[in-house]
Amino acid sequence: MTDFKKDFPILEKEIYGKKLVYLDNAATSQKPGCVIDIISEFYRSDNSNIHRGAHYLSEVSSEKYEKAREKVSDFIGARDPAEVTFTAGATDSINQVACSLEPILKGNEVLITGVEHHSNIVPWQLAGAKLRSIPMDDDCNLLTDSIEITDKTKLIAISHASNVLGSVNPIKEITRIAKEHDIPVLVDAAQSIQHLPIDVKDIDCDFLAFSGHKMYAATGVGVLYTSERFSDIVPARGGGGMVDKVTLERTTYLNPPLRYEAGTPHIAGAISVAAAIDYMQNIGMDKIRKHEHDVYSYAREKLLETDGVKVYGNTENMCGSISFNLDNIHQYDTGMILDKMGIAVRTGHHCAQPLMRSLGTEGTVRASFALYNTKEDADMLIEGIEKVRMMYT
Amino acid sequence: MRDAVQDEIIKRFDGLEWLDRYSLLISFAKELKPMDDKFKTEENSISGCQSRVWIRTYREDGKMIIDLDSDAMITRGIISILLKVVNNRSPQDILNLDLYFIEKIGLKSNLSPARADGLASIIRRIREVAERGIN
Numbered sequence: 001m002t003d004f005k006k007d008f009p010i011l012e013k014e015i016y017g018k019k020l021v022y023l024d025n026a027a028t029s030q031k032p033g034c035v036i037d038i039i040s041e042f043y044r045s046d047n048s049n050i051h052r053g054a055h056y057l058s059e060v061s062s063e064k065y066e067k068a069r070e071k072v073s074d075f076i077g078a079r080d081p082a083e084v085t086f087t088a089g090a091t092d093s094i095n096q097v098a099c100s101l102e103p104i105l106k107g108n109e110v111l112i113t114g115v116e117h118h119s120n121i122v123p124w125q126l127a128g129a130k131l132r133s134i135p136m137d138d139d140c141n142l143l144t145d146s147i148e149i150t151d152k153t154k155l156i157a158i159s160h161a162s163n164v165l166g167s168v169n170p171i172k173e174i175t176r177i178a179k180e181h182d183i184p185v186l187v188d189a190a191q192s193i194q195h196l197p198i199d200v201k202d203i204d205c206d207f208l209a210f211s212g213h214k215m216y217a218a219t220g221v222g223v224l225y226t227s228e229r230f231s232d233i234v235p236a237r238g239g240g241g242m243v244d245k246v247t248l249e250r251t252t253y254l255n256p257p258l259r260y261e262a263g264t265p266h267i268a269g270a271i272s273v274a275a276a277i278d279y280m281q282n283i284g285m286d287k288i289r290k291h292e293h294d295v296y297s298y299a300r301e302k303l304l305e306t307d308g309v310k311v312y313g314n315t316e317n318m319c320g321s322i323s324f325n326l327d328n329i330h331q332y333d334t335g336m337i338l339d340k341m342g343i344a345v346r347t348g349h350h351c352a353q354p355l356m357r358s359l360g361t362e363g364t365v366r367a368s369f370a371l372y373n374t375k376e377d378a379d380m381l382i383e384g385i386e387k388v389r390m391m392y393t
Numbered sequence: 394m395r396d397a398v399q400d401e402i403i404k405r406f407d408g409l410e411w412l413d414r415y416s417l418l419i420s421f422a423k424e425l426k427p428m429d430d431k432f433k434t435e436e437n438s439i440s441g442c443q444s445r446v447w448i449r450t451y452r453e454d455g456k457m458i459i460d461l462d463s464d465a466m467i468t469r470g471i472i473s474i475l476l477k478v479v480n481n482r483s484p485q486d487i488l489n490l491d492l493y494f495i496e497k498i499g500l501k502s503n504l505s506p507a508r509a510d511g512l513a514s515i516i517r518r519i520r521e522v523a524e525r526g527i528n
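Read top to bottom, the protein sequences are chains L and U. This note's numbering numbers the first residue of the first sequence as 1 and each following residue consecutively. This note's numbering numbers the first residue of the second sequence as 394 and each following residue consecutively.
Just so you know, not all the hints are guaranteed correct.
[Said to hold, decoys possible] Straight line, CA to CA, 30 Å or less: simulated DSS-like cross-link-like pairs of lysine-lysine:
| # | chain 1 | residue 1 | chain 2 | residue 2 |
| --- | --- | --- | --- | --- |
| 1 | L | 310 | U | 433 |
| 2 | L | 387 | U | 423 |
| 3 | U | 431 | L | 387 |
| 4 | U | 497 | L | 310 |
| 5 | L | 18 | U | 431 |
| 6 | U | 456 | L | 387 |
| 7 | U | 423 | L | 310 |
| 8 | L | 18 | U | 423 |
| 9 | U | 497 | L | 18 |
| 10 | L | 130 | L | 172 |
[Unchecked claim] Just the calculated beta-carbon pair ranges, DEER-fashion:
| # | chain 1 | residue 1 | chain 2 | residue 2 | range |
| --- | --- | --- | --- | --- | --- |
| 11 | U | 408 | L | 393 | 21 to 31 Å |
| 12 | U | 397 | L | 47 | 54 to 64 Å |
| 13 | U | 440 | L | 55 | 31 to 41 Å |
| 14 | U | 412 | L | 289 | 33 to 43 Å |
| 15 | U | 428 | L | 141 | 36 to 46 Å |
| 16 | U | 451 | L | 144 | 48 to 58 Å |
| 17 | U | 408 | L | 74 | 52 to 62 Å |
| 18 | U | 431 | L | 34 | 58 to 68 Å |
| 19 | L | 41 | U | 428 | 53 to 63 Å |
| 20 | L | 310 | U | 428 | 24 to 34 Å |
It is worth saying that the hints were derived from the structure and are not from the lab. Here a beta-carbon is modelled for each residue, glycine too, at the ideal position from N, C-alpha and C.
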């Protein structure tokens, strides 16, 4: 087994005199040295605004930015790089779609699931849509047979993987059903892009949103894939860099993708996404999946075997996050002691309050894994949990 | 201005390792009398904390009696200490208090802003009640 930790400088850090065990990857992943170097290198030797200057540096940065777009396009299996726009993150991507589709969504309905992050709930409410959830069983498996589409349903917006439970939703099955009714589908891939191979043609979704920072790239950059079927939707933002002709009476826009990138984008961020993809592809997405699956299954099994631990959700495919609580111990108390042992987890509602209500809890402890985590990390977590229990009894 | 109660608390935390500090917080938590469930209402709850916190205050012989509780043990430990310092004083006394123990026992600098803000929300609420007690 290759030691991926050595690629990530921050993982050598000690916290309160203990080796850092970083299990908060669903919040943000750490960055490999090669990604950090690319960002630094960009500002040291290439920095310039893109698509604007008639000078050497502007050409260099424009080319790197567009190469990054091509890299992302290939990575997710888009038909054309024009289907890929860089945004500020998954939340921004979803908000842009909500803003662009507002005339269609207002007063109508968006179908979501019961495990969504607030970022796949609130933007639709802001666009004036009503939300309805696809039913799920007690283990949080979506009951796709019970999907009910009405005349009011104008969009299905679903997470690929839950940021809380790690449950992987059957998105292909959902897009198949949606297509039968000619309903577009948005997939929130913020919690899957770093774990699972993704092909937008195979999934057959119309929109796909994800963040750079959860896939080993910079914060403040994200991606929105918009299938060519929607290449003429109204841009959510206006400004420089996206227009053809501007008069005070009327403005015409450039073609996608530039139409959807008003203002100066996060150039270094976009380049860092490409560097992160290179890093993952050098390892191989299949190899990452296998390794992560081994570690994830091991950790989940260990938690299930531990007395007094309640693990939430149980679906056929899972990745990334595991949520749990210790009997009679508040998640906040668990997190505080784990922190002092150098184990970084997140506690609380994880921006998924509707899910917390259906799980019948105010919050959970969430351990979330990345490609550098190992079975030893899972063992440290279990050891930490034993310590937590000792402290509170 | 030095305060004997705060100085005593600071002394108990002095030189302790992190996990021992938490053990001490937990033992303070266990000393705190639980609030009757009927008072744990939405009205009595304080927002801005990672755990749920309830507050109830009343006057007795010119002194402010404060009853605090939380569903998390560490938070109970913190409010248990806080009550040792602020409880059973006149509203003016409470407003005059400099709560220097928070920083000295590492509750401020070592808790994340979100958690420190939780404690700040509790103190803010106590001061508001004390101010109303004067006016």
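Cross-check of the supplied hints:
1. A distance of roughly 26 Å separates the Cα atoms of residue 310(L) and residue 433(U); the hinted pair therefore holds under the 30 Å criterion.
2. Pair hint residue 387(L) plus residue 423(U) holds up; C-alpha atoms about 18 Å apart against a cutoff of 30 Å.
3. Distance restraint check for residue 431(U) and residue 387(L): the Cα-Cα separation of roughly 33 Å exceeds the 30 Å cut-off, and the hinted pair is therefore not satisfied.
4. A threshold of 30 Å between alpha carbons decides the hint, and for residue 497(U) with residue 310(L) the separation of about 37 Å lies outside it, so the pair is violated.
5. For the suggested pair residue 18(L) and residue 431(U), the alpha carbons sit about 43 Å apart, so the restraint of at most 30 Å is broken.
6. Between residue 456(U) and residue 387(L) the alpha-carbon distance is near 41 Å, which puts this suggested pair outside the 30 Å criterion.
7. At most 30 Å may separate the alpha-carbon atoms for a hinted pair to count; residue 423(U) and residue 310(L) meet this at roughly 25 Å.
8. Annotation: proposed proximity of residue 18(L) to residue 423(U) holds, straight-line Cα distance about 28 Å (limit 30 Å).
9. Distance check on the hinted pair: residue 497(U) and residue 18(L) sit about 23 Å apart at the alpha-carbon level, within 30 Å; holds.
10. Restraint check for residue 130(L) and residue 172(L): the C-alpha separation of about 24 Å stays at or below 30 Å, so the hint holds.
11. Judged by the Cβ atoms, the range 21 to 31 Å given for residue 408(U) and residue 393(L) holds: they are separated by roughly 26 Å.
12. Separated by about 59 Å at the C-beta atoms, residue 397(U) and residue 47(L) satisfy the suggested range of 54 to 64 Å.
13. Roughly 53 Å separates the CB atoms of residue 440(U) and residue 55(L), a value that falls outside the hinted 31 to 41 Å.
14. For the pair residue 412(U) and residue 289(L), the beta carbons lie near 37 Å from each other, so the given range of 33 to 43 Å is met.
15. About 40 Å separates the C-beta atoms of residue 428(U) and residue 141(L), a value consistent with the hinted range of 36 to 46 Å.
16. A C-beta distance of roughly 56 Å is found between residue 451(U) and residue 144(L), which places it inside the suggested range of 48 to 58 Å.
17. Between residue 408(U) and residue 74(L) the C-beta distance comes to about 58 Å, which sits within the given range of 52 to 62 Å.
18. A beta carbon spacing of about 59 Å between residue 431(U) and residue 34(L) agrees with the range 58 to 68 Å that was offered as a hint.
19. Distance hint check: the CB atoms of residue 41(L) and residue 428(U) are about 58 Å apart, consistent with the given range 53 to 63 Å.
20. The hint said 24 to 34 Å for the Cβ distance between residue 310(L) and residue 428(U), and at roughly 26 Å that hint holds.
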